[in-house]
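Please put together the full structure from these sequences, using the hints given.
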Amino acid sequence: MPGRKPLLEIVGLRTQFFLHEGVVTALDGIDFTVYEKESVGIVGETGCGKSMTAFSILRLVPGPGKITAGNIFFMEPQDVRQRRMQLEIEAQEWYRRSSLVEKKKLVALYDYRDTGRKKKAKKLTPAQIDKIVPPDRVPTGVTRYYLAQNAKTMPASDKVGRAAALFSFDLLTRTDDQMRSIRGKSISMIFQDPATALDPVFTVAYQLGEVISLHQGIYDRAVLDKKIEEVLKLVRIAAPVNVMKQYPHELSGGMKQRVMIALALSCSPSLLIADEPTTALDVTIQAQILNLLRDLMRTTGSSMMLITHNLGVVAEVCDRICVMYAGRIVEEAETFELFANPRHPYTAGLLAAFPKLGERKDELSVIRGTVPNLMRPFQGCAFVERCEKATEVCGEDMPRRVEISPGHFVSCHLWTGKEGPNVR
Amino acid sequence: MEKLENPLPFHFICGTRPKHAEQKHLWTAADGGCKGKKSMADLISYVIRKILLAIPVILLATFIVFLMLYLTPGDPIVNILPPHASPDDIQKLREKYGFDQPFIVQYGKFLYRLAQGDLGQSVSRQTLNLDVSDLIIQRLPKTLELMAIGLTISYSLGIPLGVYSALKQNSWKDRSVMVFTLVAYAMPSFWLGILLMLLFAVYLGWLPIEGTVGGFKSIILPAMTLGLGNAALTTRMMRSSMLEVQRQDYITQLRSRGLPESEVIFKHALKNAMLPVITVIGLDIGWFVAGAVVVETVFSWPGLGLLVTNSITNYDYPTVQGCILVLAMFVVLGNLVADILYAFVDPRVRLG
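Residue numbers (the numbering used here), protein chains in the order written: chain C, 1380 to 1803; chain D, 2 to 353.
These are calculated hints, taken from the structure and not from any lab test.
Here the structure is a predicted model, which is why all the values come from computation and not from measurement.
Quick reminder that beta carbons are idealized off the backbone N, C-alpha and C, glycines included.
Don't take every hint at face value.
[What the hints assert, rightly or not] The calculated lysine-lysine pairs, modelled on DSSO-like cross-linking and capped at a C-alpha distance of 30 Å, are:
no.	chain 1	residue 1	chain 2	residue 2
1	C	Lys-1445	D	Lys-169
2	C	Lys-1605	C	Lys-1384
3	C	Lys-1605	D	Lys-272
4	D	Lys-272	D	Lys-51
5	C	Lys-1564	D	Lys-51
6	C	Lys-1416	C	Lys-1538
7	C	Lys-1384	C	Lys-1564
8	C	Lys-1606	D	Lys-272
9	C	Lys-1445	D	Lys-174
[Said to hold, decoys possible] Cβ pair distances, simulated, as ranges:
no.	chain 1	residue 1	chain 2	residue 2	range
10	D	Trp-192	C	Thr-1554	46 to 54 Å
11	C	Glu-1782	D	Val-346	38 to 46 Å
12	D	Asp-250	C	Gly-1596	52 to 60 Å
[Stated by the list, open to error] Which stretches of chain C does chain D cover? Using the computed rule of at least three CB atoms under 8 Å from a CB of chain D, they are:
no.	region
13	1532–1538
14	1589–1599
Here's what the structure looks like:
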């Protein structure tokens, strides 16, 4: 997308949960970009990995979960990004040329998808490697490995190249302390249920003051109070001075969500992640909160990632939409384009299931079947069992992400050019 | 440097508002109007109401004990008089102390005296005709001392251990703490007392076996015996409550705001996790009263508990009654303190 600066770029992100029963792949190679001053909607069914995407970005994946592959580039300067992309292509070529021994090392080091433990390189047979990484694909860890190796030999003058090679803008390479200074300051998050997401034993002012003094170094009480008042005014709370002194249980649901938004925006983050911000609210309040979010995004110039299962919400707020299914992004397009021309059968099904006002229907249309078990690794497309247009190849091979028109990406065999209608 | 000159306000660190803050200031200006805040007047009326409500409870306790003593076979008179006393003498003395009267009259007399602040006189051979209130006042400090140290041991051990074990959930450290608590809780306190006595007093000789002659040293063993069981209970409660709180959305939310882990755990999670533990402080005090009777007997600790057991064996009804009255007041006061504490820590709870 020329002319726009990417703010957050996620490449091949994979998050897995290592349970006693097996490995659950919550996110399976997600790619998407959030540009500056843009709202991106992430849409999908419950359990498709929407929230996990948010937690992965903040590196707050709970419990037995781990981010096992991929990169999350945040606020990467344009030149570094371009150089990184060049280097990535180089790395992929290098991988294709590299010997079996080299491949073994790589797979052992960077792609431990099935066990959660790093495999001993020597024990892998070529067949196993082919199983983990199909021969025609490049494992996501390769770029990092190759570039880290390369950074040592790169000339010092190639500063941009070195920065790119060391992935200094990758959130996954940050230390915990660095991550903490990003959370709440550059990237902040709004939670689904405002009733449970505020600490019940501290006042609103205390919780806001804590974040502001932490990230902005303001310790003077009077200044802090003024700042808190300003932030509360920003989210259109009518009597900020009263609300400040109240405890969360004394506020209504809508007010709590406003306080949550105030908390998230108090340090003017460049990216706001809103995880179903309106699900727990009643409909009239929902509209207010959505309008507030949209206006605030416009005035502050930050980007927003809106996670929801409500297509109506994204249509209203977002510039671009990513449709997720079973831990993968199946389609990504501008809002208007997506609603007008849904290309992936899942997106089409979703839109068809959305009842239109004034339309007479005896039965609501549904997508048949249920979401697949994420514990079982898929060979091919995750939607194959429920897809009406599925062919043999769908069950065997994972579809690549193709750009069928500018800015419209689809991962579906119907559109890879192998079969079915081609790009218009 | 700026941080040092202008530190985080005190109320930011402990979540309380300083009392000396000027009236004009935002933090205090709200105190009167906000429904979540507790004012002094609220507190006083609450305490008075609770105490009035406690009176029937205490009276009921004395009634039950009186009834039980009345129903048990035996008589204090036989104890006072030498074994060869004639039945006539026994009868005379019985009439003198009023033990020949019907139950309800005896209890009524007790209540009548109680209303005048008189707990009666002891009828045991050793302390015959001494005022029960004097006996109690003499023994009370010892029991209070024992309970205070026992409670301190129990919470200063239980709360940190519980938090530690929750933070190390499912590791060998957590498991060993859990095994320890199970053992400590399952051991009856008289047996634990004897074991501790054997180890520290008999084999190691570090601490005195019993009594109060050793000064502070002699309180360690009884207080530990009293506190350990409750410490185990507190540990388990603290652990589960901490684990529960850590699963809450607001903890994740605090992390997502970039708060350091130490603040998330020791300020926010701990304060929330303390709530259920505070609610049971009142129950704990009742448990301690019962425990004190056993422990004082095992260690010959001259407190109220020992007085009660001795008085029971001597059929010293007035003394038993007086002690029960005081112990019941302990339990009621303990619950009152716990309620007030709870209301102050949790803004959602209102005194009332």
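Against the structure, the hints come out as follows:
Between Lys-1445 of chain C and Lys-169 of chain D, the direct Cα distance comes to roughly 19 Å. Compliance with the 30 Å bound is thereby established for this hinted pair. In summary, the hint linking Lys-1605 of chain C to Lys-1384 of chain C is not supported, as the alpha carbons are separated by about 34 Å, beyond the 30 Å threshold. Pair hint Lys-1605 of chain C plus Lys-272 of chain D holds up; C-alpha atoms about 27 Å apart against a cutoff of 30 Å. Restraint check for Lys-272 of chain D and Lys-51 of chain D: the C-alpha separation of about 26 Å stays at or below 30 Å, so the hint holds.
At roughly 48 Å between alpha-carbon atoms, Lys-1564 of chain C and Lys-51 of chain D are farther apart than 30 Å, so this suggested pair is violated. Distance hint between Lys-1416 of chain C and Lys-1538 of chain C is fulfilled; the C-alpha atoms sit about 28 Å from each other, no more than 30 Å. Simply put, Lys-1384 of chain C and Lys-1564 of chain C have alpha-carbon atoms about 20 Å apart, close enough for the 30 Å limit, and the pair holds. Distance hint between Lys-1606 of chain C and Lys-272 of chain D is fulfilled; the C-alpha atoms sit about 26 Å from each other, no more than 30 Å.
A distance of roughly 24 Å separates the Cα atoms of Lys-1445 of chain C and Lys-174 of chain D; the hinted pair therefore holds under the 30 Å criterion. Against the hinted window of 46 to 54 Å, the Cβ-Cβ separation of Trp-192 of chain D and Thr-1554 of chain C comes to about 52 Å, which satisfies the hint. With their beta carbons about 57 Å apart, Glu-1782 of chain C and Val-346 of chain D fall outside the hinted range of 38 to 46 Å. At about 28 Å, the beta-carbon gap between Asp-250 of chain D and Gly-1596 of chain C misses the expected band of 52 to 60 Å.
Coverage of the region 1532–1538 of chain C by chain D is violated [criterion: at least 3 residues with CB-CB distance below 8 Å; count 0]. Counting residues of the region 1589–1599 of chain C whose beta carbon lies closer than 8 Å to any beta carbon of chain D gives 8, which reaches the threshold of three, so the coverage claim holds.
Going through the hint list in order, the structure does not satisfy hints 2, 5, 11, 12, 13.
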